[in-house]
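Please put together the full structure from these sequences, using the hints given.
In order, the protein sequences belong to chains X and U.
The opening residue of the first sequence carries number 1 in the numbering used here; numbering runs sequentially from there.
The opening residue of the second sequence carries number 1001 in the numbering used here; numbering runs sequentially from there.
Since the hints were derived computationally from the structure, they do not count as laboratory data.
Glycine residues also receive a C-beta, built at the ideal position from the N, C-alpha and C atoms.
On the chain X side, residues computed to face chain U include the following (Cβ under 10 angstroms):
1. PHE55
2. ALA88
3. TYR101
4. LEU103
Derived coverage of chain U by chain X (criterion: at least 3 residues anywhere in the stretch with Cβ under 8 angstroms from a Cβ of chain X; other residues may be distant):
5. 1178 to 1184
6. 1190 to 1198
Which chain X residues stay away from chain U? Per the calculated CB distances, all over 10 angstroms, these:
7. ARG62
8. GLY140
9. HIS195
10. GLU212
11. GLU226
12. PRO244
13. ARG248
14. GLU261
15. TRP269
16. PRO284
17. GLU291
18. ARG318
19. VAL332
20. ALA351
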Amino acid sequence: MTRPPIIRFESIAKSFGDTVAVEPLDLDIPRNAFFALLGPSGCGKTTLLRMLAGFETPSTGRILIDGEDMARVPPNRRPVNMVFQSYAVFPHMSVAQNVGYGLMVTGTSKPEIARRVEEALAMVRLAGFGRRRPDQLSGGQRQRVALARALVKRPKLLLLDEPLSALDRKLREDMQLELVRLQHEVGITFLMVTHDQEEALSMATDIAVMHEGRVLQVAPPRDLYEHPACRRVADFIGSMNLLPARLRGMADGCAQVEVEELGAIALPWQGEPPQGGLSLGVRPEKLQLGEGGPGTATLEGRIEQIAYFGDYSHLFVRSPAGQRLTVLVNNVTRRADAGFEPHQVCRLHFALEDAMLLPG
Amino acid sequence: MAERGPLDYGRRWSLRLWLAATLVFLYAPIAILVAFSFNDSKRNIVWRGFTTDYYVKAWHNAALIEAFGNTLVIAVLATVLSTVIGTLLAIGLWRFRFPGKAAFDAAVALPIVIPEISFGVALLVFFNRIGMPTGLPWPLNLAPIVASHVAFCFPFVTVVVRARLAGFDRSFEEASRDLGASEWQTLRHVLLPWLKPGIVAGALLAMTLSLDDFVITFFTSGPDTVTFPVKIYSMVRFGATPEVNAASTALILVTVLLTVLAMRLQNPARKPS
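Okay, structure coming up:
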């Protein structure tokens, strides 16, 4: 018998008055995943997290945690713990009291609390900080306290609400690695809510992309980036050059499309022929300058602008049909982007296998 | 001339003079009151020499001491009751939504704004109307005064505690629940510690209001339930002797001690735990 997923949302929906926060959706979160709910603010990801923790009641549907219906379970009896965006470290308690709080209120013995608090503090690399007060800690340290406080309860699922948003850039990078290490170490499923796609791609094992209360796609980071399900996902994850395409017909698992800049090309397509609008998508780093060989498509354009970022540069190219394309040039040598100037006409190519057809 | 920062204004003689005048205006009457409590003169108009006789006299004035005891008992009871009621009301108004809440919210502030004299008369009429029994043994005969004091003190506690609640981050409450605490445990371990400075400040305010209340007490006290301010008032009618000054100084001392105590409670020296 296979074990059920750690979390199952069954046609869960939530509205606040007339505002729909989450459209009816089904979603499974696999065991031991580092799962990210990714989307812009107001997409319903935080509402989903709060429903799991028990702070919001779903309007319809069921939430199962480890196969158990959570409908009548109050927040304090759910096998999940949360790291709040503001950390919510209690200001009137020491670090040790904060970490031990969840054990104290459930009647764990004092020596047991002391032992587990020490263990948890060591895990988040705050050993010896037990007597400090929260106002003596940096933002990063307060977050570690919040993490230890949640992990010491040994939950089946750890919820992280925008865990890195309040940290500065350098600390954020350290904490990303730290969270991934912790997840491996404790072997608990982590569910993270974030609006930062880089954060989701670099940390998560699986990502659900949300938009306006719907889940658009659930996939591992690589699949999400290389095989987005629709135009919106492609646009939200990384950047994407989109060229309008018209469907001409289907043949041998391929869709024949016509693109103004390229003429007729065939790209693999599985399932039903796409309905509605279609776009051809190519990622900026997959566009190369110059003429391509067999298996590639070539188009012409005029350079409009060059943006220099240090390790790479972006060339903004306008196609004859008026589409703006972004080309990423890696500055592998100091002069890699030399020789390009605005108004210059150039040729671009990409391997057909790196392009994709996107509905929507 | 050199640039002046905001803190340098204290160096201007004109502003220093203004500050001195303000301090004199505020504290000179109290200083004179205290000084003349040591005046060796019955009429207490001109200084005739130092004595502590009137403190001894006040101490042996049985009626005055009884009034002082009444005032302390009333103040303690009224403070405890209005702090509990006021805090619960503040939390209730912050936590829940119910029909008529806006009207109720506005009504809470009424005892603060209603003129004391009207409130006093209203209470007098009220206690007569319900036939409040008189002549009960001490301390039960103080009940109407305690009830009156609670009625005008608890809104002050509510106002102070609500101000503190406004700064409470709801995620503290959620974090506590998330970590396994019941609503009661959350109230006890998270909300009340957060509110403590507000509750202490509210209680102190209630106590001070109750200790020196004259107008409302005057209307609700009987011949056998005289309080300290009422007693002093009746003593002044027969002439302001240094004994009145001595008694008043004692009351000031009690108030100051209470304030110091409350400040100590609010900011305990941090002990390593």
